[in-house]
Every structure is written in structure tokens, then in C-alpha cells.
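Use the sequences and the hints to build the structure in full.
Protein chains: 2
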Amino acid sequence: VITLDEVLRLRDKSARERQQRLFVEGVRFLITAVDSGAQLDALVVVPSRLVSPVAQMIVRRLKRQGVPILSLTPDEFARLSLLGEPQGVGAVIKQRWASLTQVAQPKRDALWLSLDEVRSPGNLGTLLRTCDAVGARGLLCSPHVDPYDPSTVRATMGSLFSQRLVRASARELTPFKKHYAFVGAAPDAPHDYRAPRYDRPVVLVLGSERHGLSPDQRSLCDTLVRIPMVGRCDSLNLAIAASVLLYEIHNQRHPH
Amino acid sequence: VITLDEVLRLRDKSARERQQRLFVEGVRFLITAVDSGAQLDALVVVPSRLVSPVAQMIVRRLKRQGVPILSLTPDEFARLSLLGEPQGVGAVIKQRWASLTQVAQPKRDALWLSLDEVRSPGNLGTLLRTCDAVGARGLLCSPHVDPYDPSTVRATMGSLFSQRLVRASARELTPFKKHYAFVGAAPDAPHDYRAPRYDRPVVLVLGSERHGLSPDQRSLCDTLVRIPMVGRCDSLNLAIAASVLLYEIHNQRHPH
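Protein chains in written order, with this note's numbering: chain X, 947 to 1202; chain H, 947 to 1202.
No lab work stands behind these hints, which were simulated from the structure alone. Among the hints, erroneous ones may be present.
Going by beta-carbon spacing under 10 Å, a handful of chain H positions derived as facing chain X [said to hold, decoys possible]: (1) T978; (2) V1080; (3) A1101; (4) M1103; (5) L1170; (6) P1174; (7) M1175; (8) V1190.
C-beta atoms are modelled at their ideal positions from N, C-alpha and C, and glycine is treated no differently.
Next comes the structure, spelled out in C-alpha cells:
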């Protein structure tokens, strides 16, 4: 059975990657993980705090199925938790990565996000939540991007499990140019983001908060678009910019 | 002259409100504060860290104008700073609140944001950054909302100073219904957010992350709109939802 120290270690990126696991906490995450078919390596429970009847039911069922359970005191669980009021339930689950072949032969309304670098884990999580809301397929990301960072996972509010995650940096996506329109966002782009028709499968390519699109990303893109800004404002938050673009693509495909 | 302890105290909301001041840090914030005509009560400087020629120039000029300067060691400044790599310059400035009379007699394209409660200070800052980008006038907020929280200020990236800040909860805005369309966002709203024509002055009314619009806010609104979401996703991040709405309003008024 897993120990508290082993779960604590999953806060480190290197341990998460070596073990290909992550820790999620809270009733909502437990439900979403189970419903998405995630592989549960262990349940982490504070028996005295487990008041949600749904969570109790899930824990009982998983226990019957042989999932190991780590029982903790409230103080021990607090060491694991990012929350002010921990709900006393969590799980160690397997990371799930899809293969790049999933990107080939897209449906007409396919939409992916491509990131080579992102500074704020919270931003990435917020962004994955919007990806879910517009029915995007998932995230194509370089090894510098960690969608399983605890702050990212938390900010997705569970939407993480709706998205396919694929390891692929901009450079590796070139073979897919025949299948997709690659659309990049840049403040100096020639086109207003409302101008293109997003009627082919799209990969939306976003640069980092600090440096924008990398040279590799720029050369991948068929179209560069900008979001208009007035006044002295020269940039938007990355998750905001991406979400405005994702909704424009979604809206064009789903007139109201 | 102000002391380090007095500046540290400005991290508390009650001290900020009593003194009607705040501490801002970094070259960008110093420049934006000076350019927006903010009243500077003191400069806070680490002489050995002040490498930006523009910042040096500003500090010299303000010193000549008689602004008191608090010189700190790098370690002392680090206690004040939210940043990983402090730039060694900051300022104590006066809060600036506009009066509710500023809201009357709006121009046709006026756009305000109204908030009675917001949980995440970072979200509020990100949102004010989008307000700046779409040329909104500012924020109408209840006393529960603190636009001068350090995490909020930081997330605005300086856009805070472009926005008028007015203390006014939803209840106090009723007299302005003749001047504005009050548009509220709710997941159960009857209209898609793209359906209304935003051709009158608009106040966009947003509820809290947890509870959505309050009863007071709902009764203030002329129109309730929802942002479409697909799949199992049932909500967006507050700053994301607000920004998608702000851009729709802005886009309708500024066709590309």
C-alpha cells in the first residue's frame, strides 16, 4: 500500500513523471476521475471527514474492487491538500497520455490547443476548462508544459479529464499541416481574429506569457491573428486571450 | 518619512482602507502610476537594484519634487515583494475612488463592470486587464470587493490605473437603469450572449464564482445572458466568462 510520504512526493514534477501518476483531491475530482475511466492506484481518505454520501458510495465500491486505501488523520491530509477546507478524500491516479496518431484524420470540427511553454500553472488549468466548454479535443504540449501540475489540475475544476493530452512540440506537428489549419495568436499579426473562417480542423497555437510565439511555432502557423485592444493596454492574460479565440472558433461553427 | 513596517502593514485590507493607500512594486507599475497621475506618498527603493535607466530617471525627478524616499536593503525589500525577482523599486500611492455621479450621463459606448463579490483576487485583476483592453470605463463594486488587494493589483499588470473605481453595490445602481442596459451573466439565462444588441451604454453584472448572481443583482438586470458550453462542463472561470462577454460587446460596437 502507498504511504503518505509517497503521495507527498507527487508534488514534484520529476516524481510525477517517473511514476506517471498524480494526486487529485476533493469529491468533484474523485467523481470526474472515476467517470472518465481513470486508473485509480489508491484512494486517500480521512474517514471522519468523509461526509458526502456520493463520495462514501464511491469509496465503498472502489474498496470492493480492490483499490488500496490510505487512511489519514485530518492533519496528515492537510499536508497533502491545496485547499483551505480539505474535503478529506482524494486519489492517486495514473497519468493518461494519448498518442500523436490521435491527431491524424480529424473530423471537420476538430479543435486542438498547442503550447510549447506556459508560465502559470493556474492559467493552463483555466484554459483547459475553456477547452472543455467549447468541446476541444485536447492539448498538444511540449515536455516543458505540465498539465498534471497540482495547481493546473485544481484550476481545471475536473475538465482535465475531458481533454486528450498529447506530448508534441510545435516542431513535431509539421506533418499534420495537411490535415489542419494552424492558427497562431500574436499582437503583431496581420488579421483580426474574427476575419478567418474556421471551417477546417484547427490547431490553435499559443506562445508563452513572456515571449509569445517561438520561431518554431511561427513557422508552423498558416495564419496569425490578433485580438484588438484599445487604449494603452498591450496584452491580455494568456488564458483570457486563448479563451476569446476558442469562443470565436466555436461560435463560427455553432451560430446561435 | 514612512517606515518599512508601515509599508508592510498595507498588506492588510483594513490598513489599506484606513489609510486609503496601497503599495505597488516594479518598474512597469511605477511608470503607469506616475503616468496616470496617481498621488505618490513615498518611493521605496533598493539603490543597488535600481538598474533600469527609466526607473532611475523617475526616482530622481520625484525626489526633486519632494516625494519621500525609503531606502531598503535587498532583504528588506524581499519582505515587501510578491515577486520572485524583485526589481527593487516600488511606491506607496493613494487609492483613488471616483464618485457615483461619474456613472450618470454616459456616452453611447460606455461600458462598466459591476461586482458585488469576487473570491479570487487574481481573477479580479485579470478581469480589470481585459476591461482596459476593451476600453471599459471601470468597476462598480460593493465594499466586499477590494481592487487594491496586492494580488489583484499585480494581476492587472498596470491596467488598474486605466479604470475608474466606484463604490456601489447592485442595490445602489437602480437609479441608473434609465441610462444603461444592465446585462447579467447566468448559466440558466434565456438568451445566448450573442443575441442582444449592445448598442446602448452597458453595465455588465457578474455574480461570485460560487453563488452566481445575487437576488439584488438579478433584480437589477434588464437582460440575462448565458455563454454556451458543450459536453459535461457546467461553468467557466469568472474572469474568462466576463472577458468573453466584454469582447462580444466590444466586437459588436467595433466591427472588423
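Now the hints, each set against the structure:
About 8 Å separates the beta-carbon of T978 (chain H) from the nearest beta-carbon of chain X, less than 10 Å, and the hint is met. Interface restraint check for V1080 (chain H): the shortest CB-CB distance to chain X comes to about 7 Å, inside 10 Å, so the restraint holds. Interface hint status for A1101 (chain H): upheld, as the beta-carbon distance to the closest one in chain X is roughly 8 Å, under 10 Å. Of the supplied interface hints, the one on M1103 (chain H) holds, with its beta-carbon coming within about 7 Å of a beta-carbon of chain X, less than 10 Å.
Here the hint on L1170 (chain H) is broken, as its CB sits about 15 Å from the closest CB of chain X, past 10 Å. At about 7 Å, the closest approach between the beta carbon of P1174 (chain H) and any beta carbon in chain X falls short of 10 Å, and the interface hint on this residue holds. Restraint check, M1175 (chain H) versus chain X: the minimum CB separation of about 4 Å is within 10 Å; hint holds. With a cut of 10 Å, the hint placing V1190 (chain H) at the interface with chain X holds, because the nearest CB-to-CB distance is about 5 Å.
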